[in-house]
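Residue numbers (our numbering), protein chains in the order written: chain A, 1 to 260; chain B, 1 to 349; chain C, 1 to 290.
Bear in mind the hints are in silico, worked out from the structure with no lab data behind them.
Treat the hints loosely; a few may be bogus.
[Unchecked claim] Looking from chain B toward chain C, a few residues come up when the C-beta cut is under 8 Å (computed):
1) Leu30
2) Ile32
3) Leu36
4) Gly121
5) Ala127
6) Ala134
7) Leu251
8) Ile260
9) Leu280
10) Leu310
11) Ala314
12) Ser315
13) Ile316
14) Leu320
15) Val323
Ideal Cβ placement from N, Cα and C applies to all residues, glycine included.
One-letter residues, chain by chain:
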Amino acid sequence: MPTTYQFFNIENLSISFGGLMAVDKVGFVVEQGSIFSIIGPNGAGKTTIFNCISGLYRPDSGKINFSGEDIIGLKPHTIARLGIARTFQNIELFSRMTTMENLMLGRHIHMKTGIWSGATFYRRGSRAAQDEIKHREHVEEIIDLLDLQAARNQFVGGLPYGTQKLIELGRALALEPKLLLLDEPSAGMNSEEKQDLIFWIKDIQDELGVTILLIEHDMKLIMDISDRILAINFGKPIMEGTPAEVQKHPEVLKAYLGED
Amino acid sequence: MDMKRDYYEDIQLLDSRILWFWFIMLVASLAIFPFLAPNYYIYMANYMAIHVIVTVGLNILVGYTGQISLGHAGFFAIGAYGTVLSMTALHLPFPIALLAGAFIAAFFGFILGLPALRLEGPYLAIATLGFGMAITQVIGRWQVFGGRMGIEAPDLSIGSYILESDRQLYFLIVTVAFLLTLAARNLMKTRVGRAFIAIRDSDIAAETMGVNLTFYKTLAFAVSAFYAGIAGGLMAFLLGFINPSSFNFILSIYFLAFVIVGGLGSIFGSIMGGVFMTWLMLTLDKVQELPYLGSILITFSERWMNLTGLPNIASIIFGLIVVLLVVFEPLGLYGFWIRTKIYWKTWPF
Amino acid sequence: MFLQLVISGISFGSLYALVALAMVIIYKTSEVPNFGQGEMSMLSTFVAYALLVTHSHSFIFSFIGALLFAAALGIFLEFVFLRRAKDPNILSLILITLGFQMMLYGLASWKWGADQRDLPFPVSDFDVINLGTAVISYLNIATILITLVLMFMLFLFFKYTKVGIAMKATQQNVMAARINGIRTNRILSLTWAMSSMIGAVAGILLAPIATLDPNLMLDPLLKGFAAAVLGGMTTLVGAALGGYMLGVIENLFGGYISLEFKSVVAFGIIVLVLCFKPSGLFAKHYVRKV
Chain A
1 MPTTYQFFNI
11 ENLSISFGGL
21 MAVDKVGFVV
31 EQGSIFSIIG
41 PNGAGKTTIF
51 NCISGLYRPD
61 SGKINFSGED
71 IIGLKPHTIA
81 RLGIARTFQN
91 IELFSRMTTM
101 ENLMLGRHIH
111 MKTGIWSGAT
121 FYRRGSRAAQ
131 DEIKHREHVE
141 EIIDLLDLQA
151 ARNQFVGGLP
161 YGTQKLIELG
171 RALALEPKLL
181 LLDEPSAGMN
191 SEEKQDLIFW
201 IKDIQDELGV
211 TILLIEHDMK
221 LIMDISDRIL
231 AINFGKPIME
241 GTPAEVQKHP
251 EVLKAYLGED
Chain B
1 MDMKRDYYED
11 IQLLDSRILW
21 FWFIMLVASL
31 AIFPFLAPNY
41 YIYMANYMAI
51 HVIVTVGLNI
61 LVGYTGQISL
71 GHAGFFAIGA
81 YGTVLSMTAL
91 HLPFPIALLA
101 GAFIAAFFGF
111 ILGLPALRLE
121 GPYLAIATLG
131 FGMAITQVIG
141 RWQVFGGRMG
151 IEAPDLSIGS
161 YILESDRQLY
171 FLIVTVAFLL
181 TLAARNLMKT
191 RVGRAFIAIR
201 DSDIAAETMG
211 VNLTFYKTLA
221 FAVSAFYAGI
231 AGGLMAFLLG
241 FINPSSFNFI
251 LSIYFLAFVI
261 VGGLGSIFGS
271 IMGGVFMTWL
281 MLTLDKVQEL
291 PYLGSILITF
301 SERWMNLTGL
311 PNIASIIFGL
321 IVVLLVVFEP
331 LGLYGFWIRT
341 KIYWKTWPF
Chain C
1 MFLQLVISGI
11 SFGSLYALVA
21 LAMVIIYKTS
31 EVPNFGQGEM
41 SMLSTFVAYA
51 LLVTHSHSFI
61 FSFIGALLFA
71 AALGIFLEFV
81 FLRRAKDPNI
91 LSLILITLGF
101 QMMLYGLASW
111 KWGADQRDLP
121 FPVSDFDVIN
131 LGTAVISYLN
141 IATILITLVL
151 MFMLFLFFKY
161 TKVGIAMKAT
171 QQNVMAARIN
181 GIRTNRILSL
191 TWAMSSMIGA
201 VAGILLAPIA
211 TLDPNLMLDP
221 LLKGFAAAVL
231 GGMTTLVGAA
241 LGGYMLGVIE
251 NLFGGYISLE
261 FKSVVAFGII
271 VLVLCFKPSG
281 LFAKHYVRKV
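Let's have the full structure, built from the sequences with the hints guiding it.
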């Protein structure tokens with residue numbers, strides 16, 4: 001029993017698929033306002049942990065506590081309402097919507113328009129129209145923050161990969177999450193875009209006060225911004241510590257550079 | 001990069017004076033039409049308006065939410081029978097009966113939406129198809145519903161007005177179609193519609209962004225069924241008589257064909273699809289009366305096919321249109337419209 | 001009475017099983033439930049009729065002629081339309097097959113729609129064998145036997161022939177099959193030909209008990225589809241079992257509970273099964289990866 005109040009922690013999380021342990025007794029604590037990264041080779045079970053947190057998979061055992069509540073067994077949309085948003089490794093945008101509409105969907109849980117008021121609005125003062133206008137202003141701030149003005153009214157399906165990744169980030173931010181899960185946000189970005197990304201993630205942490213859980217392959221990016229790092233391999237935790245500690249750990253080196 | 005002057009512009013129906021002008025022209029011509037057109041064309045317009053309602057409703061489900069329904073004739077039937085029986089058996093006034101029929105259809109839509117939560121693609125197709133079949137079977141075998149012989153629609157009155165002729169019906173049907181189309185368009189521009197589209201494009205992302213899949217998928221079915229129910233209720237009075245065989249499996253496919261031809265995920269497309277296909281349907285019904293083509297087809301039929309089977313040519317043409325559109329222009333008529341617009345805008349380059 | 005119901009249930013179930021097999025073979029390769037299946041069989045049956053009655057050929061000749069026609073029709077539809085789809089998602093593929101359905105239905109109704117016909121069949125539906133409390137007609141026996149033989153041949157085909165194995169490979173992974181030198185496009189054509197022929201057999205076996213008109217296959221198609229869903233769209237054995245189960249259950253329901261709602265029961269079962277086992281009784285459930 002943790003005696004102090006914890007923002008987010010996982011205890012003994014395990015899940016297997018057809019006998020294969022994808023995640024095996026993983027546990028960690030994330031401090032509020034910090035950036036916590038999970039690293040590991042492909043297939044180590046990183047995304048599976050994310051899928052358990054956002055409720056897409058149901059773990060076999062273990063606990064996931066968020067703001068003092070066990071969120072295992074809750075539906076994904078309920079978990080989103082609690083304030084956990086995420087991005088996906090293989091972009092899951094609404095490809096036949098514009099950037100604006102994608103971000104507006106991020107406001108879904110904060111908006112109130114129901115079926116009746118939505119269908120019957122007829123003027124600026126109508127409830128649905130007011131609701132739209134209010135939340136559009138919020139979305140506009142995110143568009144400005146992430147420099148997405150050029151893409152605002154474009155269908156996202158045809159936009160460059162890096163931009164799509166940013167839109168996903170923006171959509172997650174629109175939800176005003178307390179905890180943000182980023183699944184390989186820099187994949188497919190060039191070094192300039194990566195620089196911007198580091199800057200934004202820092203911004204999100206500092207200015208919006210969002211706690212970030214990050215999966216990344218780019219070591220430089222991870223070492224730059226993480227407060228703590230968990231390394232896993234074959235679903236099992238190898239070690240957890242500060243960037244400096246993790247960098248020196250022999251097991252981590254082995255997992256990444258191969259055995260010599 | 002374009003700067004937004006006003007957030008309301010994104011959702012308002014008409015954001016320029018020119019559009020207002022055309023909109024008013026449209027309303028005016030719709031209002032004048034029944035006084036100028038011969039009776040047959042008014043009847044046809046009624047038919048079109050009813051089909052537009054179904055098509056818009058079905059498009060909400062298929063085009064916007066990405067679910068398939070091969071059983072919409074079932075909801076159509078529920079609306080028709082619900083409305084008529086509410087009037088004859090429960091003696092409800094017409095407007096309430098129409099809503100009652102539509103809400104019963106919506107309720108069944110909700111029920112059908114429940115298995116749809118766990119079903120995808122072919123499995124959903126068979127479940128909805130089975131539903132549609134079951135509805136007509138049940139109606140055809142239950143004496144309450146008039147059995148195979150069907151039932152007659154009662155006299156139609158709203159308050160003290162009695163609507164008898166096609167022209168009088170026109171004002172009712174077209175008004176309802178007009179309002180429901182606007183409502184659908186509004187709905188798709190705001191929160192609920194966005195949730196539908198999100199489910200279509202990526203249900204996983206939608207639910208991790210807080211969209212309750214259970215609620216919105218069943219809601220999409222219910223809304224779609226509501227539209228079909230209203231259309232069915234109106235159809236009962238346009239035809240004056242309904243029997244189970246008017247709501248068979250083929251009709252469900254026709255409805256789907258309307259949506260495809262108009263364009264998936266486009267309200268304007270649904271209007272075009274409903275209007276064009278209804279025109280085609282009614283015209284092909286009397287294909288032998290067409291100038292030139294009619295006599296050629298008659299000769300051809302007598303020589304190679306069978307004259308009495310000639311009206312079935314409608315089915316061939318519908319099928320061909322659906323296949324060709326899906327293969328070559330998945331956006332349907334709406335796609336053609338967009339391309340023509342772009343062509344003229346950029347003309348002569 | 002129970003035995004009698006089961007026997008005729010199995011006989012009908014055989015036809016459902018054939019349609020279900022035809023569906024599943026295509027579903028596994030093209031990943032689309034072929035709603036045109038029924039009309040393809042119906043049209044082939046009419047071809048058999050035309051050869052047999054209108055042009056007075058022998059039964060065997062007409063039967064083979066109909067099968068060849070069915071094969072050609074299957075290849076034609078796949079090659080001319082399905083393969084050309086610009087955006088081959090599940091919805092548009094389903095719609096293309098629905099389009100086939102409409103075209104073929106219209107064509108048959110134009111040519112033969114006017115009146116109902118009988119397809120003379122060399123085996124009689126009226127001569128029966130007594131089995132104590134129940135009887136079984138020669139036609140029923142023929143139906144059951146022909147179905148079993150066909151299934152056995154399919155089994156051998158997929159198990160031992162090179163083409164059959166190539167077809168299985170294509171069903172599992174088109175890319176990998178192509179890399180390994182399988183001409184997947186030919187396999188695709190062949191699949192449609194095979195499926196269409198199986199469907200045609202079902203149509204020709206059904207025609208003597210039903211009346212031959214363009215609506216011949218509407219009900220069997222839906223039941224066959226339902227059977228495939230019941231057993232699982234991805235397993236041949238499951239689909240066949242689903243067909244037999246559906247035939248028997250439906251008949252028992254009709255005999256003991258309500259003849260009126262006999263054909264509704266199929267869909268009731270399907271919806272129930274799908275609620276609890278979304279991939280059918282005999283297929284593994286597939287979880288989408290994110």
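Hints and how they fare:
no.: 1; hint: Leu30; result: 31 Å, violated
no.: 2; hint: Ile32; result: 36 Å, violated
no.: 3; hint: Leu36; result: 35 Å, violated
no.: 4; hint: Gly121; result: 4 Å, holds
no.: 5; hint: Ala127; result: 6 Å, holds
no.: 6; hint: Ala134; result: 5 Å, holds
no.: 7; hint: Leu251; result: 12 Å, violated
no.: 8; hint: Ile260; result: 6 Å, holds
no.: 9; hint: Leu280; result: 13 Å, violated
no.: 10; hint: Leu310; result: 7 Å, holds
no.: 11; hint: Ala314; result: 7 Å, holds
no.: 12; hint: Ser315; result: 3 Å, holds
no.: 13; hint: Ile316; result: 4 Å, holds
no.: 14; hint: Leu320; result: 6 Å, holds
no.: 15; hint: Val323; result: 4 Å, holds
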